[in-house]
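Note that this note's numbering numbers the sequence shown so that position 188 is 188, with each residue one more than the last.
None of these hints come from the bench; they were simulated from the model.
We put the CB at the ideal spot given by N, CA and C, even for glycine.
It is possible that some hints are incorrect.
What the hints assert, rightly or not - Across the chosen pairs, the derived CB separations fall in these ranges:
id, residue 1, residue 2, range
1, G93, H124, 51 to 61 Å
2, Y207, G146, 34 to 44 Å
3, P81, E145, 34 to 44 Å
4, T194, S79, 43 to 53 Å
5, Y191, D67, 11 to 21 Å
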Amino acid sequence: MRKLLSLSLVSTALTAIAAFAPAQAADPTTAEGPYAAPVQTGGWEISAYGGYQTAPHSDVEVSGMADFTAGWEGKSFASPPYWGVRGTYWFGGGALSNWGISLDYTHAKVYADDDTLTETGWSHFEFTDGLNLLTVNALYKFPIEGTRIAPYVGAGVGINIPHVEVTRGSGRTFDYQFGGPTLQVQAGVRYEFTDNWSAFAEYKGNYSWIDVDIDSGDALKTNILTNAVNFGVSYKF
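My request is simple: use the sequences and hints to build the entire structure.
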């Protein structure tokens with residue numbers, strides 16, 4: 001009798017297990033939780049920005065006259081204003097996840113201050129239309145898990161093409177020229193409002209070696225560091 005009772009209990013248990021197992025297999029939410037598609041972080045992005053840009057003093061060499069130190073003013077919001085655009089490609093995964101590469105154009109500018117004009121006797125000295133900077137940069141972002149915020153850093157190299165504006169007793173220079181190489185560093189933070197739109201704030205510094213020609217066959221050389229705090233928006237394709 002006991003053996004029959006035991007066999008009956010075992011049979012009942014096996015029947016219950018057999019009925020329960022298919023139900024579990026048919027419902028993946030009870031086994032592994034809800035499925036979430038992975039976030040795609042790669043793709044093309046275009047950005048536009050403006051901000052406040054300054055430049056410290058720099059030594060200026062001019063053939064045919066004594067060297068001097070130029071004081072610079074940025075006048076970021078005076079026409080033509082300081083601004084920039086960049087195109088960025090963010091890699092989507094693997095070893096290059098969170099890395100990006102950008103082509104960055106910046107319309108920077110500097111004006112010689114009154115003390116510099118008085119010292120040189122020049123009536124006009126500036127790179128304002130502008131000190132045009134074109135750089136290729138590597139970027140890396142640090143997404144904060146569970147948020148839409150991502151700090152980032154970047155560095156790169158490129159060229160500068162200043163609009164040279166010099167007016168002095170011996171003549172006037174007013175043209176675009178190839179100035180030389182430019183280095184760039186940047187650090188900022190971005191916030192993604194949607195999958196396509198984001199905003200950012202950043203520091204960007206550029207160091208430019210400028211070697212240009214002015215009137216009377218003279219050469220002008222100076223190295224200019226521009227510092228900028230930028231605010232911009234980006235659209236991701």
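Evaluation of the provided hints:
no., hint, result
1, G93 <-> H124: 51 to 61 Å, "holds (53 Å)"
2, Y207 <-> G146: 34 to 44 Å, "holds (37 Å)"
3, P81 <-> E145: 34 to 44 Å, "holds (38 Å)"
4, T194 <-> S79: 43 to 53 Å, "violated (33 Å)"
5, Y191 <-> D67: 11 to 21 Å, "violated (46 Å)"
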